[in-house]
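> This note's numbering applies: residue 1 is where the sequence shown begins, and numbers increase by one.
It is possible that part of the hints are untrue.
Restricting the straight-line Cα-Cα distance to at most 20 Å, the calculated cross-link-like pairs of lysine to aspartate or glutamate (DMTMM-like) are [unchecked claim]:
(1) Lys-106 / Glu-159
(2) Lys-103 / Glu-75
(3) Lys-110 / Glu-124
Read the hints as simulated data drawn from the structure, not as lab findings.
Quantities reported herein were computed from a predicted structural model and do not represent experimental measurements.
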Amino acid sequence: MRTIRTTTASRRTAVAVLPLLATVVLTGCGFFGPTEYGTRERTLTVDAGDEFTLNVPASSAMGDNWYIADPKPAEDILDYGGKREDNDAGDDGEEYFDFTAVKSGKATVKLVHCPGGRCHSAAEAAAGPSSDSTADPLRGPIPTATGAPNERVEYFLYEITVR
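Please work from the sequences and hints to get the whole structure.
Okay, structure coming up:
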C-alpha cells in the first residue's frame, strides 16, 4: 500500500480552491451553454455579456416555423447570433434564437409563430391574408400571444432587460 503525503501548502490551496470550484459548478458560469427561455418566459433580465437562447416548439413535419419580426431588437443592446433548428424529434422539434447581451438597456424581441405552413417569412405573416375567398381564417391580423403557441399565426414578444 502506497501512502501519499501532502504538504500544508497543498492542503491550503485545495481548501482555497474548493469554494471557487463549487461556485463555478453551481452557477454554471457558461460551462453548460447559454441560458434558455421558453414561450412562457417572456420578461427576461440578463447581464451584459450573457449569452441566452429563446427556445420555441416547432414541428417541421407539420410545417411550423418561427421568424424574427420587425422591428428587430436593438442591435446596440442585443447581438442576434442566428437561428438553429432541432427537428430530429419530428412533432416535438424546437427552434432556437441565439443572442448575446451587449450592454445595459431594454430591448424587445418579436417572434412570429407560423403554424402549419401558414406563412414562410415574417414579412408574409405581417402582410395578412389575401383578399381572395379562400383566405385562411387563422391568418391576420396577427394578435400578440398570451399563452402557449397554437394553430393561429401569432406574435410572441420578449421584453429583455440587460443589466
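> Can you confirm whether the C-alpha distance between Lys-106 and Glu-159 stays at or below 20 Å?
OK: Lys-106 and Glu-159 at ~7 Å, within 20 Å.
> Hint check: Lys-103 vs Glu-75, CA-CA at most 20 Å. Holds or violated?
Cα-Cα ~10 Å, so holds.
> Sort out whether Glu-124 lies within 20 Å of Lys-110, counting only the CA atoms.
Given that 20 Å is the threshold and the Cα spacing comes to 15 Å, the pair holds.
Comparing the model with each earlier hint shows no violations; every hint is respected.
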